[in-house]
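J.: Heads up: the sequence lines are chains A and B, in that order.
Residue numbering for the first sequence is 258 to 562, as defined by the numbering used here.
Residue numbering for the second sequence is 526 to 793, as defined by the numbering used here.
Possibly wrong hints are sitting among the right ones.
A short list of chain B residues far from chain A (calculated; beta carbon distances all over 10 Å) [said to hold, decoys possible]:
hint, residue
1, G579
2, E611
3, S630
4, E679
5, D689
6, V701
7, Q726
8, E755
9, S763
10, L771
11, S777
12, L778
Capping the alpha-carbon separation at 30 Å, the derived lysine-lysine pairs in DSBU-like fashion look like this [unchecked claim]:
hint, chain 1, residue 1, chain 2, residue 2
13, A, K363, B, K561
14, B, K620, A, K363
15, B, K607, B, K751
16, B, K607, B, K561
17, B, K607, A, K363
Hints were generated in silico from the structure; no laboratory data involved.
Every residue, glycine too, gets a C-beta built ideally from N, C-alpha and C.
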Amino acid sequence: MHLYLPIAGLSVNALVIVLLGGMVGVLSGMFGVGGGFLTTPLLIFYGVPPAVAVASSATQITGTSVSGVLAHSRRQGVDFRMGMVLVAGGAVGSFVGGFVFHLLQKTGQIDTIINLLYVALLGWIGIGMARESVRAVLATREGKPCPPVTTKRHRKWIAALPFRWRFYGAGLYISPIAPLLLGFVTGLLTVLMGVGGGFILVPGLLYLFGVSARVVVGTSLFQGLFVTATTTLVHAMTTHAVDLVLAGLLLIGSVTGAQIGSALVQKVRPERARMMLAVIVLAVAIRMALGLTWRPDAIYTVQLL
Amino acid sequence: MGGRVGVRAGAAPNIWKKLLALLAALPMLLGASEPKLVPDVSDTQIDIAYSFTGAELLLFGAILYPGGRAPAPDTDVAVVIKGPAEPVLVREKAKVAGIWVNHASARFRSVPSFYAVATSRPLDQLVSARTAAIYEIGIDNLLLSPASGSSADERARFESGLVDLKRRSGLYAEHVGAVSVRQGVLYRALVPIPARVPVGQYTAETYLIRNGHIVAAATRQIRVGKSGFERFVAQAASDYPLLYGLAAILISLLMGFAAASAFGRVRR
C-alpha cells in the first residue's frame, strides 16, 4: 500500500514504514533506547530527505517514550528530580542544536557531521557494551556470579561542582550541574542526529554518575520524552521538516512494538539482551563508517535556495 | 480576365516575378498557410493525494492545414514539459582525509524542477542543434543559468552532475518515440510523471516540426498541486509551524498513551 508523504514529497510503502517502526519499537521496549539511531539511517536509506528523517523520527520517539515512562513510573523506576534537571539541560541543548543544525546545513556539512557523530558514538558505546556483556555471559557460563559493573560513585570533577542536591531515586548526592551538562549534550545530539539520546544517557547515568540501575532506563526515557518533544517543535519551526504522515506510520509500528518488546525482555536474560543490542549498535556503526569511505552513489547533491 | 492579367504580366514581367517570390515567402513570414496546432492535454491539474504514485499525462491534438491542403506525411512533433524553475546550490563531494565530504559548490539561477521531452523521432534527426538549443529541446540543451563565476569546464562538470542527478530521480527524462503522429493530422504523446514530482505551475509546449524547422508551436499550462489532506498538512507545516509542531507532539503522546493502555488491558 503506497502512501504519499506530504512533507518528504515522495510516496512510500506504508507497510514497510510501519514494520520499521515496529522493529525499532521492540528494541525500544527491550533496551530503553528510543531507537532513533536505527530509524534515521534506515529512513535516509529508503530515500527520505535527511532533515525530514531526523525531524520525524524525533516525533516518533516522543510517542514511544510515553508508554515506556508509564510502565517504569508504575514501579517507581523514574527519578523525577534527576529527570527534570536532565530535561532542563536538554531543552537548552536542543535549542542550541537547532541553531547548529541550521548553520551546518548552510555550509553543507550536515550530512558528514551526522555520519561522523553516529560512527563515533555508536562505535564507542557498542564496543563498551559488547565488552561488558561478553564478560557477563562468559562469567555466567562458568557458573560464577555476574561481575558487578564497576562504576566509580565519586568522580573528582563531579564532586568538585558546587550546590549539591539529593537525588533519592538515583541514590546520589551530587551537584545538579553535572546532569544538567549531560542533558545539554543529549539535547544537542537529539536535534543533530534524530536520536532520543537513550544510548548516550543510559551509559552516562550508569557509568559516569553511578545512578542506581533501577531508575536509569525510566529516567532516561523521561528525559527523552521531553527532549524529543522540544526537538519536534524546534524542527517544526526552523526546518519545517516534520512529516506528520511519516511520523504517524512510524508511531503505529513503534508504540505497538514497544509493548511487545517490554513483554519480551522478561523472557531474555539481561546480559544476552545487552549483547544483542551491542551487535546491532556495532553493525550500524560499521555500516556508517564504510559509507563514509566508499565512493557515494551521488557525488553531487542539490539544495534548493 | 485572365487575358488582362496576361497583358499586365507581359508588360511588367519583373514586378510579377518579385511578387511571386514574395508570395512564396509569405507563409514563412506570416505563417499564414503553415499548419496550425490545436493541442490539448488529458489533465490541466494533477492532484497529489495520499495515494499518489505518479501520473501519466496524455498530450494530444490535431494539426490543421489551411486551405484544405493535404497533410504532410513527414511531420514530426515534440512535446516539452517543464516544471517551475528554481535556484539551486549543487554540492560536489570529494575524498578528504579518507572520507567523502562536500567540498565544492556551484549556484544555478534557474533550474527547471522537472523536464520531460517526448518526440516522434530521435532528437538528432528532428531539428538542427541550433534550433534544439533555442527551444531547449533535449536535456543537454537546457539553459540552467549558472550563477557562480567559475571556469567553463568547472561549470560544465557541475551542470552534468546536476543533470545526472535529476535524470536518476526521474525528474529529467527524454522519451524518444513517445509521440505518435497519425497521417500527419493527429498526434498523441504519453508522458509519465513520477511520484516525486515537485508542485507548481508547469508548461507543456508542443512543437510541430517539418524538415528540421519548427513551423508551429502551442503552449498549455498544467498545475501540479497537493490536494486534500496532503495540501492541508503541507500548508499547516509552513504557515502555522508552532501549532503544527504542537499537534505533532500531541498526536505522538496520544498514540503512546493509547498503545500503553490498550496493552495494559490485554495483559490484565
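J.: If you test the structure against every hint from before, which numbers come out violated?
T.: 1, 2, 3, 5, 8, 9, 10, 11, 12 and 13
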